[in-house]
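Number of protein chains: 2
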Amino acid sequence: LESPSPAAGRHLTLPEGFRAAGVRCGLKQTGEDLALVAAEADVPAALLTTRNQVVGEPIKYCRSVLPRGCGRMRGIVINSGCSNVCTGPAGRKDAEEMARRAADRLQAAPERMLVASTGIIGHRLDMEKIRRGIDLAADELGTGNDDACARAILTTDTRIKTCVAIGELGGRAVTVAGIAKGSGMIAPSMATMISVLTTDATCRANVLRRCLREAADASFHAVTIDSDTSTSDTVAVFASGRAGNPSFAADSADGRRFAGLLRTVCEDLARQIAADGEGATRLVEVRVAGAHTPKQARIAAKAVADSPLVKCAIHGADPNWGRIAAALGKSAAKLDPDRLKIAIGGKTLLSGGRPRSFVAADVCEAMQREVVRIDCDLGCGEASYTALTCDLSREYIAINADYHT
Amino acid sequence: LESPSPAAGRHLTLPEGFRAAGVRCGLKQTGEDLALVAAEADVPAALLTTRNQVVGEPIKYCRSVLPRGCGRMRGIVINSGCSNVCTGPAGRKDAEEMARRAADRLQAAPERMLVASTGIIGHRLDMEKIRRGIDLAADELGTGNDDACARAILTTDTRIKTCVAIGELGGRAVTVAGIAKGSGMIAPSMATMISVLTTDATCRANVLRRCLREAADASFHAVTIDSDTSTSDTVAVFASGRAGNPSFAADSADGRRFAGLLRTVCEDLARQIAADGEGATRLVEVRVAGAHTPKQARIAAKAVADSPLVKCAIHGADPNWGRIAAALGKSAAKLDPDRLKIAIGGKTLLSGGRPRSFVAADVCEAMQREVVRIDCDLGCGEASYTALTCDLSREYIAINADYHT
Chain L
1 LESPSPAAGR HLTLPEGFRA AGVRCGLKQT GEDLALVAAE ADVPAALLTT
51 RNQVVGEPIK YCRSVLPRGC GRMRGIVINS GCSNVCTGPA GRKDAEEMAR
101 RAADRLQAAP ERMLVASTGI IGHRLDMEKI RRGIDLAADE LGTGNDDACA
151 RAILTTDTRI KTCVAIGELG GRAVTVAGIA KGSGMIAPSM ATMISVLTTD
201 ATCRANVLRR CLREAADASF HAVTIDSDTS TSDTVAVFAS GRAGNPSFAA
251 DSADGRRFAG LLRTVCEDLA RQIAADGEGA TRLVEVRVAG AHTPKQARIA
301 AKAVADSPLV KCAIHGADPN WGRIAAALGK SAAKLDPDRL KIAIGGKTLL
351 SGGRPRSFVA ADVCEAMQRE VVRIDCDLGC GEASYTALTC DLSREYIAIN
401 ADYHT
Chain F
406 LESPSPAAGR HLTLPEGFRA AGVRCGLKQT GEDLALVAAE ADVPAALLTT
456 RNQVVGEPIK YCRSVLPRGC GRMRGIVINS GCSNVCTGPA GRKDAEEMAR
506 RAADRLQAAP ERMLVASTGI IGHRLDMEKI RRGIDLAADE LGTGNDDACA
556 RAILTTDTRI KTCVAIGELG GRAVTVAGIA KGSGMIAPSM ATMISVLTTD
606 ATCRANVLRR CLREAADASF HAVTIDSDTS TSDTVAVFAS GRAGNPSFAA
656 DSADGRRFAG LLRTVCEDLA RQIAADGEGA TRLVEVRVAG AHTPKQARIA
706 AKAVADSPLV KCAIHGADPN WGRIAAALGK SAAKLDPDRL KIAIGGKTLL
756 SGGRPRSFVA ADVCEAMQRE VVRIDCDLGC GEASYTALTC DLSREYIAIN
806 ADYHT
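If you read the protein sequences in the order shown, they are chains L and F. Numbering of the first sequence is given in our numbering, commencing with residue 1 and proceeding in unit increments. Numbering of the second sequence is given in our numbering, commencing with residue 406 and proceeding in unit increments.
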């Protein structure tokens, strides 16, 4: 597969060897709030978790069962509505019990289940509801619709986020599928809030982890809704091997193909997360080129993507390139003010550090589209990076000022 | 003066040896938009300017006449409504002409005048209006009311920001007065948007600069409205020597007293800037203690003060300490999750990394006051820092999405 592209349907469509369920156990006000994704046997898996220093008990548990971030696992159980963060030893026991109960129902060893929780910080899980939910989900595995699983992990998201990509490895068709949640407290520094990826490829756990790291760098790590890295970011990938392709090394041709497939799914999910940021009306791509180093390109792109002034200007469809210039200039990334270039929607507004004349109505129109593209050139080198964000609207304030602890 | 406190009146009340004027020249839609502050002769002065890499032409000009940041100067001319940034050599000539015309009217040498501009980026100044404004301001010097000068430097600010403190040096009463503007694109990394300080103290220019640096670190540098460092931050101080106190070294007892006086005025102006941030309804003080180093304390305090989720929670009077914990944890400042402590309005919500029971109504009430205080202890050392910010409201979006280029 030369350039994999996500399948049109955007439905979960689990690869061979996996079953999933999403049920309501009553932690959220309405809708499904407990998801279970299970392989038929213990399979190679890899995990990335948040870099926040305050981490949830589920993440501490996952790190304890996968100390090197990869190994053979059966599946993952996820609840929304309560993140089980800052809950201490009692919260840790709750996370362990979630894993154990799900493992029991799947006839797996307890340490083969991953756990993730998302929602309010500082509250204990209602374990009676969780237990009931796990039993219900285990009963429904593979019988319900896949969307219920993608729905059960959402919090303030307005729509489910799923992606499937199909490629070929060693003459065999291979599928990679993923679900994700995003919306608020999104500036992942290891992964997004929560994403679960499944594939029928044959792939060793350590190769899986290396591919996942690369895919996350180009996708989830590029997203910033509000610069607030969560305490619960988790992305897990499981590989059932049911495609029957021969095993491959990370740096082989098949390894590059598989990594590309995984990156395609992660990039598509990351774009869905950015487009559905809290209060978002538009997806914003900030591409910075001409940076001295890749790290400086990332810093500059994130400075623009995190600027509330830039995000308000996009919401108002105002071609205010001055705010973009100021955001680039305040960042730690080196720029040459006399070679600085800024374009919005393909229209150049600043080049050689000087304003260019433009038709405001044309740029306004480009800024009202579903996807707004900002291109910047720092004039200092060859490195580039693309950050993903959304506009900043009154709705963001409504969601986050009216939401109560 | 052991603990100087700002005078009650909060009016500009220029110290002896200075005159000021604020007039309307027509750059803004309404109100005064050109300010002139002038000493009777060339006097010791010091200057701090933005660390943004994209800097306005007025700042480039000021740096050229004061390459070491201090020297003998006559005064400063400031316009609002247009920042003269990204305007190239033509913009540089405009800045020079502003200085020259003001100097001519004061019978000073052209290189003795400082210039500052604030407002939209990327537009040329309307020099016909500027010339008329300078002539008008020179005619009105000392005859109008001082508030007009403080008003003429404002952009989206809703009120003037002035402060006066009085102390004693070498047996003489000494006055320090200041005006400032803030409101949007405020995360000063050298100074605030614009502030002009005047004193009748006798003080050498290099001592003045050292005192100004220290005062700015404890005041303007602690403010963040929206994390967007401006291209035009400027703070200037002038010392007329009319108080007649003996000259002093920076590290003498008088030096410490004078530095304290200057810091008092800067801190008070910084609090006024934070309280009048775009869309602000409350001033928020984020005090971080228990940090490993002073730099880490600052990083942690700024991470909380810059978190849109925390600022929305304050706007909604929601005691959502989880967002504060997440903001501290994502920062580069080291913290001990098991010793972390968070209090809002003096009420402890988290200690030893565990939630404490609290009466939500009490904390809500504390969060609806004019000043909301957040105390955090990272449990890692002795260093502390206090950052200043405001809440994040729908009005911020309205101001910045509806404002058009």
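Think of the hints as simulated: they come from the structure by calculation, not from any bench. One or more hints might be untrue.
[What the hints assert, rightly or not] Derived lysine-lysine pairs resembling DSS-like cross-links, with alpha carbons at most 27 Å apart:
#1 Lys498/F with Lys295/L
#2 Lys739/F with Lys347/L
#3 Lys498/F with Lys341/L
#4 Lys60/L with Lys746/F
#5 Lys746/F with Lys334/L
#6 Lys498/F with Lys93/L
Outcome of the hint check:
For the given pair, lysine 498/F sits about 37 Å from lysine 295/L by alpha-carbon distance, which is inconsistent with the 27 Å threshold. Of the pairs offered as hints, the one joining lysine 739/F and lysine 347/L is violated, with about 43 Å between alpha carbons and a cut-off of 27 Å exceeded. For a cut-off of 27 Å, the pair hint linking lysine 498/F to lysine 341/L stands: about 23 Å separates their Cα positions. The straight-line distance between the Cα atoms of lysine 60/L and lysine 746/F is roughly 20 Å, inside the 27 Å bound, and the hint therefore holds.
In summary, the hint linking lysine 746/F to lysine 334/L is not supported, as the alpha carbons are separated by about 37 Å, beyond the 27 Å threshold. A distance of roughly 70 Å separates the Cα atoms of lysine 498/F and lysine 93/L; the hinted pair therefore is violated under the 27 Å criterion.
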